[in-house]
Amino acid sequence: MPPSQAPPGPTPPGTALPVFQTTALTKVYPGPVTALDGLTVTVMPGVTGLVGANGAGKSTLIKILLGLVPPTKGQAKVLGRDCQLSGEAIRTLLGYMPEHDCLPPDVTATEFVTHLGRISGLPPTVAKERAAESLRHVGLHEERYRLIGTYSTGMKQRVKLAQALVGAPRLLLLDEPTNGLDPAGRTAMLELIGRIGAEFGISIVVASHLLGEIERICDHLVAIDGGRLLRADSMTSFTQASQVLAVEVEEGLDRLRAELAARGLTATTSARALLVPLGGDDTYDLVRDCVAALSLPLCRLEQRRHQVEELFRDEGEMLRD
Amino acid sequence: MTSQPTARATGVIHDLGYRGYDGPRLGRMQIVRALAWHSFRSAWGFGRGVKGKIVPALVFVAMFLPALVNAFAVARGNGRLFSYDGYLPTLRIAAITIFIAAQAPELVSRDLRSRVLPLYFCRPLRRIDYPLAKYLALTGALLILVELPLIGLYVGTIASVHGGSAVWDQTRALIPGLGVGVMWAGLMAAVGLVLASATGRRAYSTGIVAISCVLTFFLALLLIQAEGGSTATATGARVAGLFSPFTILDGVRVWLGGSTQDGLVADPGRYGPLYGLLAVILLAACLGGLAARYRKVSQS
Numbered sequence: 073m074p075p076s077q078a079p080p081g082p083t084p085p086g087t088a089l090p091v092f093q094t095t096a097l098t099k100v101y102p103g104p105v106t107a108l109d110g111l112t113v114t115v116m117p118g119v120t121g122l123v124g125a126n127g128a129g130k131s132t133l134i135k136i137l138l139g140l141v142p143p144t145k146g147q148a149k150v151l152g153r154d155c156q157l158s159g160e161a162i163r164t165l166l167g168y169m170p171e172h173d174c175l176p177p178d179v180t181a182t183e184f185v186t187h188l189g190r191i192s193g194l195p196p197t198v199a200k201e202r203a204a205e206s207l208r209h210v211g212l213h214e215e216r217y218r219l220i221g222t223y224s225t226g227m228k229q230r231v232k233l234a235q236a237l238v239g240a241p242r243l244l245l246l247d248e249p250t251n252g253l254d255p256a257g258r259t260a261m262l263e264l265i266g267r268i269g270a271e272f273g274i275s276i277v278v279a280s281h282l283l284g285e286i287e288r289i290c291d292h293l294v295a296i297d298g299g300r301l302l303r304a305d306s307m308t309s310f311t312q313a314s315q316v317l318a319v320e321v322e323e324g325l326d327r328l329r330a331e332l333a334a335r336g337l338t339a340t341t342s343a344r345a346l347l348v349p350l351g352g353d354d355t356y357d358l359v360r361d362c363v364a365a366l367s368l369p370l371c372r373l374e375q376r377r378h379q380v381e382e383l384f385r386d387e388g389e390m391l392r393d
Numbered sequence: 004m005t006s007q008p009t010a011r012a013t014g015v016i017h018d019l020g021y022r023g024y025d026g027p028r029l030g031r032m033q034i035v036r037a038l039a040w041h042s043f044r045s046a047w048g049f050g051r052g053v054k055g056k057i058v059p060a061l062v063f064v065a066m067f068l069p070a071l072v073n074a075f076a077v078a079r080g081n082g083r084l085f086s087y088d089g090y091l092p093t094l095r096i097a098a099i100t101i102f103i104a105a106q107a108p109e110l111v112s113r114d115l116r117s118r119v120l121p122l123y124f125c126r127p128l129r130r131i132d133y134p135l136a137k138y139l140a141l142t143g144a145l146l147i148l149v150e151l152p153l154i155g156l157y158v159g160t161i162a163s164v165h166g167g168s169a170v171w172d173q174t175r176a177l178i179p180g181l182g183v184g185v186m187w188a189g190l191m192a193a194v195g196l197v198l199a200s201a202t203g204r205r206a207y208s209t210g211i212v213a214i215s216c217v218l219t220f221f222l223a224l225l226l227i228q229a230e231g232g233s234t235a236t237a238t239g240a241r242v243a244g245l246f247s248p249f250t251i252l253d254g255v256r257v258w259l260g261g262s263t264q265d266g267l268v269a270d271p272g273r274y275g276p277l278y279g280l281l282a283v284i285l286l287a288a289c290l291g292g293l294a295a296r297y298r299k300v301s302q303s
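Residue numbers (the working numbering), protein chains in the order written: chain A, 73 to 393; chain R, 4 to 303.
Calculated directly from the structure, the hints in this document are not laboratory data.
The beta-carbon is built from N, C-alpha and C at its ideal position, and this holds for glycine as well.
Incorrect hints may appear among the rest.
[Claimed, not checked] Derived pair list, reagent style DSSO-like, types lysine-lysine, alpha-carbon separation capped at 27 angstroms:
#, chain 1, residue 1, chain 2, residue 2
1, A, 200, R, 54
2, R, 56, A, 200
3, R, 54, A, 228
4, A, 228, A, 200
5, A, 145, R, 299
[Stated by the list, open to error] Distance windows between CB atoms, simulated:
#, chain 1, residue 1, chain 2, residue 2, range
6, A, 156, R, 207, 29 to 39 angstroms
7, R, 116, A, 256, 27 to 37 angstroms
8, R, 68, A, 153, 54 to 64 angstroms
9, R, 167, A, 158, 57 to 67 angstroms
10, R, 260, A, 157, 30 to 40 angstroms
11, R, 167, A, 218, 36 to 46 angstroms
[Claimed, not checked] Residues from chain A that keep clear of chain R, each with C-beta distances beyond 12 angstroms, as calculated:
#, residue
12, 180
13, 205
14, 302
Throw the hints in and build the complete structure from the sequences for me.
Here it is as structure tokens:
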């Protein structure tokens, strides 16, 4: 198959354009509290995880992208347009799901999403159709005629996602979409977001403080800490960088490490295993040869992946030092 | 390789799923109109449950009933019972107070309470558009409340009068009455909204609106009475009406040529322009306050 046919689902128009781009973006709230500190990052189409601890600046970044909060310094562009100059035009292209509760209890989901579709600029009949479709896509069928006040937290999160989808956005900004959900609800929400990203041809930025959770659905990761960029890269490069080989022997761990070091492999000790950076197939051969040369009782040899979270933690510490 | 086209073909058939939208979109002003229309409907309880319709419906009936009574009276040969510009001022004050106390929170406090505002402001609206739409909606709703009874009064009267000149007289009397109605609706909508938007707790904002309207009105009424009533000509009586929005509106009406007989306030005399100025200042202050309220509203 030619590579051009490879991506499943429709490709968003203007694929080459970054979905958003910030240059030395700084936001200082009165206080003064520095929420963003010279953030420069470019995010390409796809599903991007925006990770950082609470207070790292994720929500501030999203509000600047929406054109709701002016930056103190620097520039932000969404889909090629400047956030401050063309906020309204940008907001036509965006769907936003806030972190907190934002639904009135005394209307039905259909009415509410239809109304917000109108506010997104859709003509009346289109708003009605798209509201019904959005609610169906997020998995609300007959329930959509019930008052929102009677919904479970999971259903409310789905309504929040549906209202973000109703305006036919090119980019979705989701702020902590799994907030308040139980583990099953989290998984379902993440699958839904993954499907929207893969099948609907909409780029997504998911802000979360739970990296382990969103790494499942992301193509790219942007990690911020204290308003500064920690790292931005594709998910695959994170995973490649984090491949290690865990070697467990019943005795002689130190001798094995010395032997590996002599052959040019720096291993680190983790509990009862040695972690060897995995270069390729010859790493396996090398480890096997070392173990055989020392005639050690080998009981485990497995490929492992660093939790991406650990990598960030290390880098975050380095940055702070 | 042969399997690929099949996979793609089924992919297309299966793709009942998501559809984008590339059709026309409404401009900003059309969105404001849509929001205003939606709010106007909810001010009258449409799109709400039965409970939401009770108060507006009762208030409307109370306001319209005198017009019906007038139609019967005129049909039996009496003259018109009420004037157009001074249509039952006390009833109108009660009706408007109840209406804005109940429905202004419906328009603004609900959204504050359930924190829906970020969902509006993340759409192609400007900050000012939301209070603008709400103001247009409540003004429109109040216009229905104050003008329809006047139209009812007019229709009921001309149904029984004879001759073109009699109809023309009625029409000429109606027009300033409608003008007074526009003033009342425009000012009281602004007052109601700015007071109601002070808090997201609906019971409180209803209380704030009701108490502010009733207290200031009774204060003004008390002062007018203390200075000798609506027929007095002392300076004290002339300015006593400046203490409540309702009496300010009535003062403006008298200043512009209305009769003190159907009214609440004494003839403002040379203080008339003061009433006019105060009405304009009050309107500007309320609208400015409303705009400021939504410029600062929390985004989180």
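For each hint, the structure was consulted:
| no. | hint | verdict |
| --- | --- | --- |
| 1 | A:200 / R:54 | holds, 25 angstroms |
| 2 | R:56 / A:200 | holds, 24 angstroms |
| 3 | R:54 / A:228 | holds, 24 angstroms |
| 4 | A:228 / A:200 | holds, 19 angstroms |
| 5 | A:145 / R:299 | holds, 21 angstroms |
| 6 | A:156 / R:207: 29 to 39 angstroms | holds, 37 angstroms |
| 7 | R:116 / A:256: 27 to 37 angstroms | holds, 30 angstroms |
| 8 | R:68 / A:153: 54 to 64 angstroms | holds, 57 angstroms |
| 9 | R:167 / A:158: 57 to 67 angstroms | holds, 59 angstroms |
| 10 | R:260 / A:157: 30 to 40 angstroms | violated, 51 angstroms |
| 11 | R:167 / A:218: 36 to 46 angstroms | violated, 58 angstroms |
| 12 | 180 | violated, 10 angstroms |
| 13 | 205 | violated, 7 angstroms |
| 14 | 302 | holds, 23 angstroms |
Checked against the numbered hints given earlier, the structure breaks hints 10, 11, 12, 13 and satisfies all the rest.
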